[in-house]
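> The primary structure of each chain is shown beneath.
4 protein chains.
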Amino acid sequence: MTELLDRGRRILAQQPFSMLVGSELVSFEPGKCELAVPIRPDLRQHHGFVHGGVIAYLADSSMTLAAGSLYDDALTLEIKINYLRPAVGEQLVARAECMHAGKRQAVSRCEIFGVHEGQMRLCAAGQGTISKLEPR
Amino acid sequence: MTELLDRGRRILAQQPFSMLVGSELVSFEPGKCELAVPIRPDLRQHHGFVHGGVIAYLADSSMTLAAGSLYDDALTLEIKINYLRPAVGEQLVARAECMHAGKRQAVSRCEIFGVHEGQMRLCAAGQGTISKLEPR
Amino acid sequence: MTELLDRGRRILAQQPFSMLVGSELVSFEPGKCELAVPIRPDLRQHHGFVHGGVIAYLADSSMTLAAGSLYDDALTLEIKINYLRPAVGEQLVARAECMHAGKRQAVSRCEIFGVHEGQMRLCAAGQGTISKLEPR
Amino acid sequence: MTELLDRGRRILAQQPFSMLVGSELVSFEPGKCELAVPIRPDLRQHHGFVHGGVIAYLADSSMTLAAGSLYDDALTLEIKINYLRPAVGEQLVARAECMHAGKRQAVSRCEIFGVHEGQMRLCAAGQGTISKLEPR
Chain A
1 MTELLDRGRR
11 ILAQQPFSML
21 VGSELVSFEP
31 GKCELAVPIR
41 PDLRQHHGFV
51 HGGVIAYLAD
61 SSMTLAAGSL
71 YDDALTLEIK
81 INYLRPAVGE
91 QLVARAECMH
101 AGKRQAVSRC
111 EIFGVHEGQM
121 RLCAAGQGTI
131 SKLEPR
Chain B
1 MTELLDRGRR
11 ILAQQPFSML
21 VGSELVSFEP
31 GKCELAVPIR
41 PDLRQHHGFV
51 HGGVIAYLAD
61 SSMTLAAGSL
71 YDDALTLEIK
81 INYLRPAVGE
91 QLVARAECMH
101 AGKRQAVSRC
111 EIFGVHEGQM
121 RLCAAGQGTI
131 SKLEPR
Chain C
1 MTELLDRGRR
11 ILAQQPFSML
21 VGSELVSFEP
31 GKCELAVPIR
41 PDLRQHHGFV
51 HGGVIAYLAD
61 SSMTLAAGSL
71 YDDALTLEIK
81 INYLRPAVGE
91 QLVARAECMH
101 AGKRQAVSRC
111 EIFGVHEGQM
121 RLCAAGQGTI
131 SKLEPR
Chain D
1 MTELLDRGRR
11 ILAQQPFSML
21 VGSELVSFEP
31 GKCELAVPIR
41 PDLRQHHGFV
51 HGGVIAYLAD
61 SSMTLAAGSL
71 YDDALTLEIK
81 INYLRPAVGE
91 QLVARAECMH
101 AGKRQAVSRC
111 EIFGVHEGQM
121 RLCAAGQGTI
131 SKLEPR
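Residue numbers (this note's numbering), protein chains in the order written: chain A, 1 to 136; chain B, 1 to 136; chain C, 1 to 136; chain D, 1 to 136.
The set of hints was computed from the structure by calculation and includes no laboratory data. Just so we're clear, the structure is a prediction, and the values are computed from it rather than from any experiment. Hints are supplied without guarantee of correctness; some may be wrong.
You can't tell identical chains apart in this list, so a pair holds if it fits in one copy or across any two.
Computed cross-link-like contacts, DSBU-like style, restricted to lysine-lysine with a CA-CA straight-line distance of at most 35 Å [to be verified]:
id, residue 1, residue 2
1, K32, K132
2, K32, K103
3, K103, K132
Kindly generate the complete structure, drawing on both the sequences and the hints.
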């Protein structure tokens with residue numbers, strides 16, 4: 001398990017955009033992934049909420065990591081995100097789970113929460129398709 | 001027309017995350033929007049391509065601006081993005097168009113291109129729903 | 001509870017297409033819905049599996065009923081369906097749940113199963129947005 | 001071209017559900033497809049409009065045929081449909097186009113129209129992913 005978490009953290013650390021956003025891999029098990037992003041002022045949009053692009057980043061990354069944990073390497077084919085509520089609080093948490101991993105593609109779902117004073121509030125939900133990449 | 005472009009640029013300038021990503025509003029007409037993001041090293045993932053989260057940011061922003069140009073204010077309800085090819089080149093360009101604007105919701109589509117030496121290559125396509133916000 | 005189930009069955013009985021497909025409302029509670037469709041030869045595609053259109057019908061209907069149970073009347077805004085496996089067996093079962101019901105829109109998810117000799121096998125997953133209709 | 005249209009019509013004729021719905025292949029070229037469904041009373045929902053499931057059937061079928069024309073055989077991975085307006089009139093027409101066909105997957109878009117007294121009205125828009133099936 002620790003090995004998988006280490007591998008996930010290495011991948012994230014090699015993604016300059018994940019570092020720019022401030023993304024952290026909280027937990028990583030086969031088929032499951034939890035990412036967190038501390039909410040900084042520069043992640044906001046003009047109404048003061050977290051920008052939808054940050055939430056979309058979390059949906060993409062968490063769902064692809066969850067599926068990728070079951071494959072050697074993986075690539076996002078498509079994602080769909082529903083925004084339910086403005087995201088506020090101290091941090092965002094994304095929890096993704098792979099629903100089905102086939103020979104060539106997997107399907108994951110995620111929920112994204114705003115965490116304020118320890119209370120989690122669901123603010124977005126995603127579903128997406130991830131392609132298995134063959135080792136070259 | 002200049003008035004609308006100015007209004008769009010003001011909104012973008014008030015979004016700290018759009019400034020962090022380096023997003024620029026190229027053109028803005030009723031129902032249409034073009035955004036550009038110069039590709040910087042810190043927008044990449046671990047294979048050296050632009051991170052899917054940057055593309056998702058562009059899909060969200062361009063489709064919501066395209067629909068929002070027809071309303072007083074607007075909010076993204078949901079987006080769906082298909083990733084077609086790795087995004088490479090000097091900049092990303094997102095072109096969005098509002099297909100239908102109803103009394104309460106609008107639907108937009110977008111295409112996102114990687115621009116390399118003046119050549120545009122389609123790398124993602126999106127479709128989404130935007131909610132009209134009533135002035136308070 | 002029986003009242004809500006009766007209301008749901010009346011709506012379904014008033015939908016000629018639901019009758020053509022052979023759809024049955026198994027259970028209906030606030031925010032939740034289960035539909036079943038016995039698999040008949042005329043619901044198939046050319047490989048002998050249930051046609052994706054039947055599965056899409058179930059995704060649409062189950063998610064909109066789940067959200068509609070919380071409103072006076074409801075309308076599907078958009079649906080997204082991932083097909084995971086060919087649907088085979090004696091019947092299809094769709095289970096939908098409303099994740100979030102706001103003032104104007106709700107978001108539901110569903111899972112669709114093929115049932116063969118009492119064994120349920122997940123064959124599709126959906127997520128969608130439903131609009132609240134105001135009584136006229 | 002006639003050969004492709006013949007092949008498409010044979011596939012449709014082998015799909016009992018397409019026959020149940022009354023689907024007709026109007027045109028079929030590499031990467032493009034047009035399907036029509038005459039609106040019959042038994043395709044309706046309880047408000048008298050065409051059921052969303054019929055529209056979802058058309059989105060699925062037209063997008064998969066458009067992509068499938070470029071492959072030996074094809075399978076729908078996922079579809080997303082936005083419902084824009086109630087579908088009314090004498091027939092439904094779905095026009096799909098494949099945006100991108102890769103080695104393993106293709107992405108298509110479609111528009112679905114209600115045709116009333118010769119006037120076409122856009123009532124839904126879709127985007128989806130289609131998997132290339134290798135000949136066994």
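> All hints are to be evaluated individually against the structure, with a verdict given for each.
Evaluated hints:
1. For the homomeric pair K32 and K132, the shortest alpha-carbon distances inside one copy (16 Å) and between copies (28 Å) are both at most 35 Å.
2. Taking the shortest Cα distances, K32 and K103 sit within 35 Å of each other both inside one copy (18 Å) and across copies (28 Å).
3. In the homo-oligomer, the alpha carbons of K103 and K132 lie at most 35 Å apart both inside one protomer (8 Å) and across protomers (13 Å), since each shortest distance falls under that limit.
Comparing the model with each numbered hint stated earlier shows that all of them hold.
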